[in-house]
Every structure is written in C-alpha cells, then in structure tokens.
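Asker: Next come the chains, spelled out residue by residue.
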Amino acid sequence: MRIARPLRLPGFRSGSLAPIVVILAVLLVLLSARQPDFFSPPSLMSFLGRSAPIVLLAAGQYFVIVSGELDLSVGSLVTAQVVIAARLIDGDPSAGWPVVVLLLAFGIAVGLVNGLVTTWLRVPSFITTLGMFLILVGAVYLWSDGAPKGGLSDEFRRLGRSAFEDVPALGRIPYALVVLLAAATLALVLTRADFGRTLVAVGGNPRTAELSGVRVWRAKTMAFVLSGLAATLAAVLIGGYSGVSFQAGAGLEFGAITAAVLGGVALGGGRGSVVGAMLGALTLETLFTLMNFYGVSGALEPAVQGAIILFAVAAASFRVPSR
Amino acid sequence: MTVLVVSTLLVLAGCATDEPTTGASSSPSAGTGSGTGKQSKFFVRADYDKQLALLDTAPTGPAGKPWEQALNPAMVKTAKYKKPGPHKICFSNAGLNNPWRQVGFKTMQAEVDTHRDRISEFVHVDAEGKDQKQIADINDLLGKGCDALIVSPNTTATLTPAVEAACQKGLPVIVFDRGVDTTCPVTFINPIGGYGFGHVAAEFVTQKMKRGGKVLALRILPGVDVLETRWSAAKVAFDKAGVDVVGVEFTDGDPARTKKIVNDYIQRYGTIDGVWMDAGAVAGAAVEAFEDAGKPVPPINGEDQLDFLKLWKEKKLTAIAPTYPTYQWRTPVIAALKILDGEQVPNPWKLPQPTITQDNLDEYVDPTMPPLHYAMCGCTDLPGYPKRWK
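Respectively, the protein sequence lines represent chains A and B.
Numbered according to numbering that gives the first Met the number 0, the first sequence spans residues 0 to 322.
Numbered according to numbering that gives the first Met the number 0, the second sequence spans residues 0 to 389.
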C-alpha cells in the first residue's frame, strides 16, 4: 500500500502568487459574463472601497499567520473600536482625529497583550485571542449596557464613506481605497524588510530562528501589534461606511483568516505573502459578489468561508510530510 | 498548489449554484410569482385577521394616553386582589439587551416614580435574555413578599410553567410584551402585534411606489415569532397586490451588511423601487446605500427610532414608521395598581399601535433625543424627561 503523498501540481512554487491570481481572474471573467456593468468605474470603485476593510484585516492576519500564530480577536476589536469611537465622539465634529489616535493606541495595546500572553506566558494564540475576543465582546457589552451609545460625526465617517469626486476617467475614488493602498504599500515594505523575513523564519521554524539569534517573542508580538493596527484602520473605515453598530466586526476574523489562507498563506506559518493574503480577500469578496449576481442567498457566505478554511487546513496537512 | 485545486473546485461549485434560489432569497426567474417564497410556519390566519381588524378599531380610554387605552376591552373582576397600600411591586424582566427594552424600562421606572405614594418598593430582576435565569428569578421573587408580579417573558413556551407557578401563589400576575401559553395571569398586555406592523408597512410601499416596481424586503433574522409575523403579513399583502419582490434578505441587524445587500441589489437590477423592513434598526443604512449609489431613495418603512425619523425629515423621504410602542411598559404598572385597588382591568389588554406618517412626523421628531431612542415611548409627560432617556 502506498502512503498518501503530498499533492503537487507542476508549475507552481509553494507560496507563489500564481494560484490566487488565476482564481481571481477566473472569477472576474465569470463576473463580467454575468454582469458587464460591474467593470464600469463607479461600480468597480465602490466595490474596491467597501472591500478595503477586509483586505486590511487580511494583511494584518498575514503577519500573525506567517509567524505561526492566529488572531481571532480582530472582529471583536473592530466592534469595540467602533463602539468606543461612537461613545467618545458622540456627534462632536472636532473629536475625530484625537479619537482616531486613541483608537490606534488601543489597537496597539490589544496587539501587545495578545503577543505577550502568547509568547511570554506560552498560551497558544488560538486560546489567547479567543480569550481576547470574549473579553472585548463582554467589555463592550457591559460598557454600553447592551446598546451602543452616542454617534459618529459626519467628519469621522467621511474616511469610510466619501470619495475624491470627479476624478478623470475613474469618476470617484473612495478615500477607503486610498487608505488601503497606503497601508498595503507599508505592509509590502515591511515584509521586504528584515522584519518580514525574520517573521517568516520564525513561523517556519521557531527553534532554528531562536538559535540563530532571533528574538522570537519580539517578532511575534510585533505581528500581533500589526494585526491590531490593521483592525483599527478597518474599524475606522467600517464605522465610516455604515455607522455605529454592535455587529460592526462580527465574523471579520474568519473572513480575514479565510482570505489569507485562500491567498496561499499556510496556517502554521512560514509560507505565504502579504500580497497573496490581500488578493485572497479581494477574491473572497469577488466570489461573494458573484454569488449575489447569480442569485445565491447571502446566507451561504459563512458556509463557503468554512469550506475554504477546511479545505485549506486539509491541504496544509498534506504538505507536512514534504517539509 | 493544493489550495488552487481546492479553490477551483469551489469556483466550480459557485457556478453550479446558478439555477438555485431556495426559500428566502428567490429570484424572479424562479417563477414563484412575486418572489416572496413560502409562507412562514409562524403564520396563523385567525390571529392575522384579528390584528388587521384591530388596526381599524377605535380604542376606549382616556384620549391622548394610548398606554391607558384598550381595544375591544373585555373586563375582568379583580376584587379578590384588593389590598391596602403602599405596595411592593416586582418585575421579572426578560432582558435589557436592546435599545427597545432600554427605552421601555426607563419609561417603566418613570411610571413607577409617578406613583411613589402608592408603591413603596419596586423590585426589578433582569434575566439577561436567558430562560433559565428568568425561571429562577420568578421563583426567587415568589419568596420576597411581592404584592403583584409583572413578567415580561423571554420566551413563551419555556416561561409558561414558571408563570403558572406564580399564579398558584395567589398574587396577581401581569404579563406584557411577549405572551405565555396560559390564561392564569390577571391580564396580558401588548399592542396589536407583528401582523399589523408588517401589513401597514407593506401596504404603504405598495401604494407609494411606481406600478410594477421591484421591492426588496430586508429582514433581521429568521425564526423569531415577532419578526416572522411581521414578514408573513407583508408577504400576504405583497402577494395579494402582485408586487414583484426581487429579494428577501437577512441583515442580522448589521448596517454594513445591509448597505452591502442594498448596494448589490441596486447593481443587479439597476434600480429598486421600494424597500420593506421588518424592523427599523438598519433603515438608516438602507437609505445611505441609495444615497451613496447616487440613486433616489424609494418608498421605505422604518420604525419609530429617532435616527430614522430624523433622516426621514431631513432627506424628505417617502416613508412610514409602524411602531411596536415602548409606552406599553407603562401599562403593567398602571394595571398592577388598578388590580390591587380591586378595579376591573381589560384582559387581554390590547393597546393601540399608532403609525408615524408624513402627517404626524413632526410631533415625534425631537433632534435633541439620542438616535436610538424610540419616539413612541409616551414618556414626554413623565418625571425626568428628557434627561432620563438620554
């Protein structure tokens, strides 16, 4: 009897971007066949604008996953940030920027706690961030008596809702898209820098990394902080897009993980690229849009996400012997 | 590499779902007529007919105080509960876990404050939305020497035995909002109900939109009786009028999801001519989706939450707001005191369920109140207004 060998397709290097690009291209072709209007600039821009938060979260999740960990707390962090912002701003137009700074600080703090508990106390990140998820949900609930108070000012919401109008050829460019491009560039620079390579090494083989003088705890903690920052940016955009609600971040952690996995980032760490993760998020959103155009109920989205994660984990376990 | 295989499979699976459309989200091509799908299993024809009849019934009771009025009241004797005051009144509350209940409970507390000479103690226990906790709460309250017990049950079937046990103790029990499957309480107080709500909204959208237009129905979530009744009445109305309902979608009460759904439908059909909602929570998000897409906002319904009412007035929407009035939280306190005086009370105590329309919108829009406040609280004459509700 033969033992199952790792599945291998010729032509694709592991961690390569080619698969996700192909999938995205196929989806886009299907989409254009069904709804050619989708590619008209206004519709495309609005699609990219509203996909920005999940793409940001996927980028944040990339850093954590590639370092060999998992961040389940981002969805509840987004909710917490939106609820906090609404309560602090309470319709006051001048409170916008100070509150954004405060939110960034809070995002960093949550990332730090996640990272330090995982690395110093050696709690598996799955448990750490699940705990953080529950703590944030509970705390927000308690703090707001079960219903969000206050409201976001129009000024605060502008970043997530408005756009540069009357741009030649494109019509309007959502601010969210500009924020996304800036953050994506930053993420790319980070992964190309020493830090990015260290992170991949840490995720691939922490022991080796440790022995070669890498401070593993610091790299991993930084990854969690980046994820917290990404969640904060996403919260500002989501709060802007749709206003305050308790559901603001619901399920986003799974969306981000699915996107990263779909983009070829290996659960368990050590393989993948941040561009892949972000393309994964775009692909996921495209898939959902396609499902909508074909009249599939939106209720099926979680099921599709679940299937992608399951298949990806199964696929990853196939790879283990080939290491 | 493997991911590719997997994802390709998923993509194929995605294509294979071309023809489907089951249940909730049926497309017009499915040939089910108006696309409203199967009738909800919560739909009870007799209740529906009764509620629709109540919509046109004139209430009895003091004018301008709908929380003291009743529709078709059948009075019950309460002489055996007569007792000298002051009284200790106890309240087992299903939860305070949404803005509606928050506003309602504040209104109830204010109502209690107006009777401080007659109510020596008001005990409130919050079950936090848990059946088991509420059963224990009611049991605990029975040993606390309450003169009357008010119950707002978390769920109907599960709480019925606990309420029956309370009745057997001999103290007057008053149930309001959601009901129980027993007639043992002295009275059951609630407004007309979900069928009335859904019907009023569906009729409005049907009449106000252009003929043959496309309607999008947005629901919070399936399987909750009060929301199912709202939708099932709307379905009946839409089917009867032959309205083209292009989609029935669940929003989870999430504004971001709502905006995305509405945006998707606008892209898919070019335009949507009417929006029906089973609750007002995300009406603002739906309106924003039309604005952001540069489309006129079609006839739409919300609820009496102030964010929607303000938006309606500000943007001059074609809108209507059926209500599930929070003033019903005043009535149980009034009922308890009447019962302890031995006065007759209606049972069931059906409260009027007013609708906010263009004509009376200005009476209810108060820009100083918070966005999640419910305008139909009947609380403006109560002590501590408006500060207590902010």
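Where hints are given, some of them may not hold.
With a straight-line Cα cutoff of 27 angstroms, these simulated DSS-like cross-link-like pairs (lysine-lysine) come out [unchecked claim]:
#1 B:K209 with B:K49
#2 B:K40 with B:K64
#3 B:K207 with B:K337
#4 B:K64 with B:K386
#5 B:K207 with A:K148
#6 B:K207 with B:K49
#7 B:K207 with B:K81
#8 A:K148 with B:K143
#9 B:K315 with A:K148
#10 B:K309 with A:K148
#11 B:K209 with B:K168
#12 A:K148 with B:K386
#13 B:K143 with B:K40
#14 B:K389 with B:K309
#15 B:K312 with A:K148
#16 B:K315 with B:K209
#17 B:K294 with B:K37
#18 B:K337 with B:K143
#19 B:K40 with B:K129
#20 B:K76 with B:K132
#21 B:K314 with A:K148
Everything labelled a hint here was simulated from the structure, so no lab data went into it.
Asker: When you check the alpha-carbon spacing of B:K40 and B:K129, does it fall within 27 angstroms?
Answerer: 24 angstroms, holds
Asker: Run the distance test for B:K207 versus B:K49: straight-line Cα separation, threshold 27 angstroms.
Answerer: Since the Cα atoms of B:K207 and B:K49 sit roughly 26 angstroms apart, the hinted pair holds (cutoff 27 angstroms).
Asker: Is the straight-line distance between the alpha-carbon of B:K312 and that of A:K148 27 angstroms or less?
Answerer: 22 angstroms, holds
Asker: Could you grab the alpha-carbon distance between A:K148 and B:K143 and see if it respects the 27 angstroms cut-off?
Answerer: Since the Cα atoms of A:K148 and B:K143 sit roughly 34 angstroms apart, the hinted pair is violated (cutoff 27 angstroms).
Asker: Is it true that the CA of B:K76 sits at most 27 angstroms from the CA of B:K132?
Answerer: 32 angstroms, violated
Asker: Take a quick look at whether B:K207 and A:K148 sit within 27 angstroms of each other, Cα to Cα.
Answerer: 34 angstroms, violated
Asker: Regarding the pair B:K207 and B:K337, is the alpha-carbon distance no greater than 27 angstroms?
Answerer: Violated - the C-alpha atoms of B:K337 and B:K207 are around 44 angstroms apart, more than 27 angstroms.
Asker: Starting from B:K207, check that the Cα of B:K81 is at most 27 angstroms away, please.
Answerer: 52 angstroms, violated
Asker: Measure nothing beyond the straight line between the CA atoms of B:K294 and B:K37; if it is 27 angstroms or shorter, mark the hint as holding.
Answerer: With a Cα-Cα distance of about 31 angstroms, the restraint between B:K294 and B:K37 is violated, given a limit of 27 angstroms.
Asker: Taken at face value, is the distance from the CA of B:K309 to the CA of B:K389 at most 27 angstroms?
Answerer: OK: B:K389 and B:K309 at ~16 angstroms, within 27 angstroms.
Asker: So if I understand the rule, the pair passes when the alpha-carbon distance is 27 angstroms or less; does A:K148 with B:K386 pass?
Answerer: Since the Cα atoms of A:K148 and B:K386 sit roughly 14 angstroms apart, the hinted pair holds (cutoff 27 angstroms).
Asker: Checking one constraint from the list: CA of B:K337 to CA of B:K143, max 27 angstroms. Satisfied?
Answerer: The given pair, whose Cα atoms are some 21 angstroms apart, holds under the 27 angstroms limit.
When each numbered hint is compared with the structure, violations occur for hints 1, 2, 3, 5, 7, 8, 11, 13, 17 and 20.
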